[in-house]
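**Student:** The task is simple: from the sequences and hints, build the whole structure.
There are 2 protein chains.
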Amino acid sequence: MTNTNNTQQLSIEDTEVTRQLAQFIVESKFDNLPSAVVKEASRAIVNCLGCAIGAAHHDTVNFAMAALSPFFGGPQAQIWGRSERADILHAALMNGISSHVLDFDDTHFRAVHPSAPVLPAIFALAEWRKFSGKDLVHAYVLGVETEIRVALSVFPEHYDRGWHITGTAGVFGAAAAAGKLLNLNVEQMTWALGIAATQSSGLREMFGTMCKSFHPGHASQGGLAAALMAEKGFTSSVRALEAKRGFGQVMSSRFDPTVITNELGVQYELSKNMYKPFACGLVVHAVIDASLQLRHQHNLKAQDISVVKATVGPLVLELTSIKQPKTGLEGKFSVYHAMAVAIIYGAAGEAQFSTEIVCNSEVDKLRSKIEVQVDPNVRKLEGYVTIVLNDGREISCHVSDALGSLAHPMSDQDLENKFRSLTENILSTSNANTLLEQCWNIAQLDDVSSLMRLTSI
Amino acid sequence: MTNTNNTQQLSIEDTEVTRQLAQFIVESKFDNLPSAVVKEASRAIVNCLGCAIGAAHHDTVNFAMAALSPFFGGPQAQIWGRSERADILHAALMNGISSHVLDFDDTHFRAVHPSAPVLPAIFALAEWRKFSGKDLVHAYVLGVETEIRVALSVFPEHYDRGWHITGTAGVFGAAAAAGKLLNLNVEQMTWALGIAATQSSGLREMFGTMCKSFHPGHASQGGLAAALMAEKGFTSSVRALEAKRGFGQVMSSRFDPTVITNELGVQYELSKNMYKPFACGLVVHAVIDASLQLRHQHNLKAQDISVVKATVGPLVLELTSIKQPKTGLEGKFSVYHAMAVAIIYGAAGEAQFSTEIVCNSEVDKLRSKIEVQVDPNVRKLEGYVTIVLNDGREISCHVSDALGSLAHPMSDQDLENKFRSLTENILSTSNANTLLEQCWNIAQLDDVSSLMRLTSI
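Those protein sequence lines, which keep their order, are chains A and B. No gaps in the numbering here: position 59 of the first sequence is 59 in the working numbering, and each next residue is one more. No gaps in the numbering here: position 36 of the second sequence is 36 in the working numbering, and each next residue is one more.
FYI, nobody ran anything at the bench for these hints, they're computed from the structure. No experiment lies behind these values; they were computed from the predicted model shown. Check each hint, because a few of them may be wrong.
Stated by the list, open to error - Residues from chain A that face chain B, not an exhaustive set, calculated with beta carbons under 8 angstroms:
1) LEU203
2) ARG204
3) GLU205
4) MET206
5) THR209
6) LYS232
All C-beta atoms, glycine included, are put in the ideal place defined by N, C-alpha and C.
**Tutor:** Laid out in structure tokens, this is it:
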């Protein structure tokens, strides 16, 4: 047994997976990307910018700005949804934070919020050095590919130990994407991945504090710095992923390097990206979806409802069992609140999880009529809702795959509506329209600065 | 057994060690510091500034400057030994790198290079916000106390797993020290330690590359940012050290919180700080010391020597067995070279490990006359040297504790000589003199900016 283990250990360290990954990134051509992946990039960009702009004036961003703006360099890049500009490293940090503050950003179907660590780094770099939309999309796809493969090589053990994988893997994604824009050679790209690896950090203990969204911001900033340093010859190990004292073996009890290289350039992880339609945890999305469908189909009014019965999977009451939430944040952890707002407002966006709406008496009344039952056979993105009306009628809806899942993705129109809802108090309608138009056509832009200017207020 | 383990796990998480540490830092008064500790701070400062200024034009620093100077903010703080200034975060990064590049900086007797992560952060902050020397020394002592106690709470398991503890623990030290200067309250100080914890990083795989000295720089920058963010209300966990998904349990297989709080304010770890007299690994210091003593006592000349016999501990030939080094760096891994230059030049400073000296024929000739024998009973900082002269005489020296060890510390004069030797090609003699004078009297300075100005060229 010992012998077998030793052999396996040696084989990990002999893989040269860092160099192979670097080589793939360096040699990739935009024209080899499947068109569906390029299309998915524009969807992810619409979603990410909407989330970031919608959170741009959140305390988390305000406090980070107050603390760090005295140290900003020249106004190289826009801080999204705000008036300020910053040097590209601080722009990456701030935009990485705002992208994740609402926990409304994208999610790969297995692990990692892909965009928040990657897009802020390369948008800032591309704005400063005037890169085209095609270059940006290409770098983005490769950054996402890198961070998700690195994440999956240690998932779930690494996450289970307590690492916030969006931060720990995100820094690799930012480095790879920025390194691609900078046209690094293979040796420089291995250094960039190494400088990223040695900054990899972020503890799950921080969940529930401002540090959670600091993680993707910090990853974005650190990955961008890694690529810029590698470009100038700053050396690191060229075996940062696979070495005995490298990322995989130090930061996880299991590391599978083959996950990083298998079918590179054949399968693109971005095609498994999901977008949240509702501003709360995924586990309640199915019953929100069902509630919205019933409201729409039956022109439901809250006052006509006698009782609402939901059947959900086991995680729902573990995570969102607050019956009488008092704050917006508590509302996000209340399946009762989530269903009530879906029925009353026909929406469960950020606005419906404000403290004002949580304290609204009509919402409170409907919440008290909702009964939730757990069925261990119901899957995570599945849910049943039956509503008994005052006139005795019963209406029901079964959602097998909630809106936003891979089986039932948000449409482009859904993503536009989400973007508009998040940004309506921040961007002018005309800027929002032009920004959306440029995002959908980003691969045709000669210079992404024009798009970035539209994120300013 | 399971039960016992559970109890122990729970008790770690119940310790509130983060809050207790924060409270100690916040409540500490300068007047409570033992005078010997204040004195040690000035010795550590002389040593750190000498190492950093001596390395200020090393490629590692040059490349980092080339990569990152386009993003510098206002000229708030000096980059030591250079003409440039930077915002305080980048100054902390660059000075943290240069402090460690030569591997000539201080070493706590058990773990961590204490000064490189801490001093750059607080010197930059103190220069910008005009703090006194007393405030700086106080913050420094507490920063060192914090990082070393955090390090020892997980040492050696954490290091053995592959973490470069100077980076991973250093970020706590920089945060604590900067937080003290900023006069944070206890809650803010716990946040600062938490924001530090979630940036804790640095892999030993990077040893032998430029990233090794990036680690203390990155720790210094990140810890400083953590304190500044906490000051503005940016929240983190208040249990970052002890929580189940916090630093101690995620980043080490063993975590002993009592090491962090036992005798806080009674025992100061800075009093166990060591300074290297010679510009190479500690394991060869004893035989260098012995060689220097023999040279001095007997007015030795290389041409009079027939053979040199050394008896050393086992690590020496594991780490420094290169018989015929070809480069300066290889010279640092050659016990033969180290002894040869000590005998020929009466010194083993940075200059004696240049490629030019390594390739010098007289040095090469003497190296070939040196025989090294391992004795497992010889301790790490112990060594025996016997020299047989051409006239048949034998002279011997036994060093039980090499110069620089706690038992045989470098004198203030030794530290001054080291400083002068490192900085002589960079600072003018008059600036070096004034700088040394201000360092020795740092606790009397009203404003450390005056000292910092002297580090500029």
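**Student:** Each hint needs a verdict: does it hold in this structure or not?
**Tutor:** Verification of the supplied hints:
1. LEU203: holds (5 angstroms)
2. ARG204: Nearest chain B Cβ about 4 angstroms off; hint holds.
3. GLU205: holds (4 angstroms)
4. MET206: holds (5 angstroms)
5. THR209: A:THR209 check passes; min Cβ-Cβ to chain B is 5 angstroms, inside 8 angstroms.
6. LYS232: holds (4 angstroms)
Taken one by one, the earlier hints all hold for this structure without exception.
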